[in-house]
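Novice: Chain residues, written in single-letter form:
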Amino acid sequence: MSPARKSAKVRRPAGPARKQTGPAVAEVHLPSDAELRRLAERILRLSDADETEVEIDTGADALTRFANNTIHQNVAEHTLSVSVRTVFDGRTARATTNKTDDDSLRRVVAASAALARSQPKIPGLLPMPGKQKYEKVSRYFAATAAATPVDRAHSVARVCSQAVKNGQTSAGIFSTGASAMALANSRGLWAVHRQTRAEFSVTMMDKDSSGWAKANSPDLRRLDPEALAASASQKASASRNPREVEHGHWTVILEPAAVLDLVGFLFYDFAGTAVLDQRSCFNKRMGKKVMGANISLRDDVTHPLQSGPPFDGEGMPRQRVSLVEAGVPKNLVYTRSTARKMKAKPTGHGLPLPNQDGEAPLNLVFDGGTTSIDEMVASTDRGILLTRLWYIREVEPYEKVLTGMTRDGSFLVEAGRIVSGIRNFRFNQGILEMLSNVEQLGPPVRAAGEESFEMVVPAMKVRNFHFSEVTKF
Amino acid sequence: MWEWANLALETARVRGASFADARVVDLRLRNLSTKNGQVGTLSEQESLGIGVRALAAGCWGFASTDHLTREHVQACAARAVSIARASALAKRHDVVMAPERAYVDTWQNPFIKDPFQIPLERQLDLLLAADREMSGIKGVTLAESSMEFRRLEQWYASTLGSRIHQVKMVSGAGTMAMSFAGDEIQKRSYPASFGGQHQLGGYELIESLDLVGNAARVGEEAVALHKAEPCPEGERTIVLESSQLGLQIHESIGHPIELDRVLGMEANFAGMSFLTLDKLGTLRYASDIVNVVADARLAHGPGLGTFGYDDEGVPAQCTEIIKDGLFTGYLSNRETAAAIGLSRSGGTMRGESWNRLPIIRMTNVSLLPGTWRYEDLLADSDDAILMETNRSWSIDDRRYHFQFSTEVGWEIKGGKKGRMIKNPSYSGITTEFWNSCDAICSRDDWTLWGTPNCGKGQPMQTMGTGHGASPSRFRNIRVGIALAKG
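Residue numbers (the numbering used here), protein chains in the order written: chain A, 1 to 473; chain B, 1 to 486.
Treat the hints loosely; a few may be bogus.
Now the in silico label distances, taken between C-beta atoms and shown as ranges [claimed, not checked]: (1) 184/B <-> 320/A: 31 to 37 Å; (2) 342/B <-> 38/A: 29 to 35 Å; (3) 415/B <-> 287/A: 35 to 41 Å.
Restricting the straight-line Cα-Cα distance to at most 30 Å, the calculated cross-link-like pairs of lysine-lysine (DSBU-like) are [stated by the list, open to error]: (4) 113/B <-> 284/A; (5) 413/B <-> 472/A; (6) 91/B <-> 207/A; (7) 136/A <-> 121/A; (8) 279/B <-> 472/A; (9) 138/B <-> 341/A; (10) 207/A <-> 284/A; (11) 279/B <-> 207/A; (12) 288/A <-> 422/B; (13) 485/B <-> 121/A; (14) 284/A <-> 422/B; (15) 121/A <-> 138/B; (16) 279/B <-> 289/A.
Below, a sample of chain A positions facing chain B; criterion: calculated Cβ distance under 8 Å [as the list claims (entries may be wrong)]: (17) 42; (18) 157; (19) 251; (20) 278; (21) 356; (22) 391; (23) 393; (24) 398; (25) 405; (26) 436; (27) 469; (28) 473.
Simulated from the structure, these hints should not be mistaken for lab results.
All C-beta atoms, glycine included, are put in the ideal place defined by N, C-alpha and C.
Work out the full structure, taking the sequences as your base and the hints as a guide.
Specialist: Right, dumping it as structure tokens:
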């Protein structure tokens, strides 16, 4: 196998724009910015609240799902929802509907008002923000929005044929979609974000082994389903006849998806509210070295491999925040309200109000290194290479001990080379400890997993990773 | 709403579908939460739309829209058919479904007090009072309480001729106290973790939970955990209280018996199952005192898996899953039932809302009551650990190797409940674990727990499932591994 051909690095365009026969019905139309604005203003006019905020979310998404080398589920949806937050005398609440006729809009405004009025005053509730300026991000690609069920089916058919040819069984998804969100309030704030999304994930199963690969991007042309399938297939082949090796403390090489699904559990710990509530693992640890000097990460919505809107749930501009510098947690993210309580500056990471969780960094970017996975393997006397982790849950919140399983491509490395597939392990591992034991880092890539939203993370070689039990397959 | 469903079916038929069904769903939600004596979340949501499933060219297509106009519903149904035809580009065989007849019926779960008619102030007052009780305990650093109500009205129509109208009212509530001290965060939840108890029913469920009456104890236990003994490492007898056992059933019985998993349809995401078809009727899943059913009928109780008909028009049923320890049944739909030669679907198809394709979901997968009185079970146990309230759960993609930890444990010595134990955990292999069960408490201690957040499918769907259980005892279980350093 050649881990260097990792899925997330695949950047070959999907080929010339094939003229496909689309569905025999009109494609779904998402409202234009002007249409969104007219709808928002229509709703704002219906409200007599002290302040009113309107969020409109609309999307057209489709997903083609395959298993046993055939498409077995194939779905599409079209949604539009209107969410109204009103403020009356220091009280606020939210009501949401997907009905946009006049009566329904009046009712959703009235429902929000009734909810707001029925509660005690919220101490420290801040006025809504006024007009803001946002950094430009470009995350809408016509090729993605225009993808049809036939396009996806052709790709999937080629992947299924590949599996049949290799004597394997394929399963996975190919999804595409487009969405728009708009935020307006009675103080003149107007924010709109438009984005597309494409994702391909594939598992290739052999007689007693399996391999997996997954990638996503706003730009469909940056996905190569067949290359991802080839990578998964190769892993399945290379891990046939898995050996059982002993559990214990191992040097592990974590591919980016495995890194993502572990470090993803840290994201809420960087919320100011989490520290204020004393539920964060960084409580009493800010400014102290709790990870290795080679670990630095930030939140950066403008990073070219990131996605999402450049504004938060209140419409505040998302700022770049350096969270960890050389192993030392330096900063948290804050809403305006949390920042006031903690004598800090707001960073534009608030969740839609009202909520009790405050804020969260949703665009994490880890610094990386230059070591390729092949080089990590070559430098390892005895270790384990992991493709994917599964069913990760927090066992202990302060040391951030997580448990989970390995899955779909685990390999024994000896004397600098991959020697065989191995049976799967259960791990119980403290994440802060793990990030203190990182020996090598790969270049950061946009990784996609199952336990966390996408982040920009590197592959990592980690010493003393704790596998507590080995399973029977 | 029938006009939209009928229009969708007619359009699908004209477009060439050999079978189609349509679900118009009108959903209403209310979420309330408080934190440290202040209102946290306060929101209501409504969502109305239609989902159309069509079988054409031997393949499935599904499309949904929330634009309920003649033009959009017709386009949605046509899109479902064209998607089905696209699916045929990667077809290996035509979809075959087990036979089912048409039903025209109305079903609604009983409830006494409509939670949406209860004044919001009263609901908030209750949560704030629970918060106050927990926050009043010295050492509690975070107190949270929440309520959730959900009303789902559905009009199901199929080209078989079914017209089924159902209304489900779901209520749920819970509290949680957290305590940070030294280098440790501990928490206790009531009546169960991750949102508490949820059932079909009205506000009477919330009143029956007595959140306020239990709040001080919850806070005290969260604080006391800091000084508790750590969970020992080794093999022990364990007793699981019923909410933890409910999750154990969910993960190590409920998921592996899903036929779509068994047949590989979930292989890329949720995984497969160790319960391959050769094990039906042959595998000793559990000790012979263990009997498990998947029962969607109201007679089983107001569980989150209770309904009149599933989302492909099949009536609610009771399937024996484990009979006297022997593995006897799967969760099936019309397609998977036909695939393994069953004469009829087990009726387990559900979709989260109008915009999600129904898939096989657990109904109420319950451990039937045994014969023990709880006091007798404790009195009969020595050198055991009683574990309460789930804290974390993890199981492999074939549902064979698991590890759970709970919020609190209690030492049982000489038949008596003794010292508190912190960070309890246990792990094992599914069949070995269930075969080690040697005592199950009676119906007096049996509770039908609701798991409101079961995730499955792509795109992900969240569904409520029910799990009846009473405290039970398991022998020679590996404990304490989660935080072991070895």
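Novice: For each hint, tell me whether it holds in the structure or not.
Specialist: Results of checking the hints against the structure:
The given range of 31 to 37 Å is respected by residue 184/B and residue 320/A, whose C-beta atoms sit roughly 33 Å from each other. In this structure, residue 342/B and residue 38/A break the distance hint of 29 to 35 Å, their C-beta atoms being roughly 54 Å apart. With their beta carbons about 51 Å apart, residue 415/B and residue 287/A fall outside the hinted range of 35 to 41 Å. The hinted pair formed by residue 113/B and residue 284/A fails the criterion: a straight-line CA distance of about 46 Å is larger than 30 Å.
With a C-alpha separation of about 34 Å, the suggested pair residue 413/B and residue 472/A falls outside the 30 Å cut-off, and the hint is violated. As the CA atoms of residue 91/B and residue 207/A are separated by approximately 22 Å, the hinted pair is consistent with the 30 Å bound. A distance of roughly 37 Å separates the Cα atoms of residue 136/A and residue 121/A; the hinted pair therefore is violated under the 30 Å criterion. Our distance criterion of 30 Å between C-alpha atoms is met by residue 279/B and residue 472/A, whose separation comes to about 17 Å.
Taken as a hint, the residue 138/B and residue 341/A pair is honoured in the structure, with Cα atoms around 22 Å apart against an allowance of 30 Å. About 50 Å separates the Cα atoms of residue 207/A and residue 284/A, which puts this hinted pair outside 30 Å; it is violated. At roughly 19 Å between alpha-carbon atoms, residue 279/B and residue 207/A fall within 30 Å of each other, so this suggested pair holds. For the proposed pair residue 288/A and residue 422/B, the alpha carbon gap of about 27 Å is at most 30 Å, so the pair holds.
With a C-alpha separation of about 49 Å, the suggested pairing of residue 485/B with residue 121/A is violated against the 30 Å cut-off. Distance hint between residue 284/A and residue 422/B is fulfilled; the C-alpha atoms sit about 22 Å from each other, no more than 30 Å. Restraint check: the Cα-Cα separation between residue 121/A and residue 138/B comes to about 26 Å, which is no more than 30 Å; the hinted pair holds. Restraint check: the Cα-Cα separation between residue 279/B and residue 289/A comes to about 53 Å, which exceeds 30 Å; the hinted pair is violated.
Contact between residue 42/A and chain B, as hinted, is not supported at the beta carbon level, the nearest pair being about 17 Å apart and thus beyond 8 Å. Hint status for residue 157/A relative to chain B: holds, with the closest Cβ pair at about 4 Å, below 8 Å. A distance limit of 8 Å between C-beta atoms decides the matter here; for residue 251/A the minimum to chain B is near 17 Å, and the interface restraint is violated. The criterion of a C-beta within 8 Å of any C-beta in chain B is met by residue 278/A, whose closest approach is roughly 4 Å, and the hint holds.
For residue 356/A, the suggested interface contact is upheld, since its CB lies about 3 Å from the closest CB of chain B, less than 8 Å. Nearest Cβ of chain B to the Cβ of residue 391/A: about 5 Å, under the 8 Å cut. The hint holds. Annotation: residue 393/A was flagged as interfacial toward chain B, and the flag holds, the nearest CB pair being 4 Å apart, inside 8 Å. Taking 8 Å as the C-beta cut-off, the interface hint given for residue 398/A holds, the closest approach to chain B being about 5 Å.
For residue 405/A, the interface hint holds, the least distance from its beta-carbon to any beta-carbon of chain B being 5 Å, beneath 8 Å. A least Cβ separation of about 15 Å between residue 436/A and chain B goes past the 8 Å threshold, and the interface hint is therefore violated. Nearest Cβ of chain B to the Cβ of residue 469/A: about 6 Å, under the 8 Å cut. The hint holds. Hint status for residue 473/A relative to chain B: holds, with the closest Cβ pair at about 7 Å, below 8 Å.
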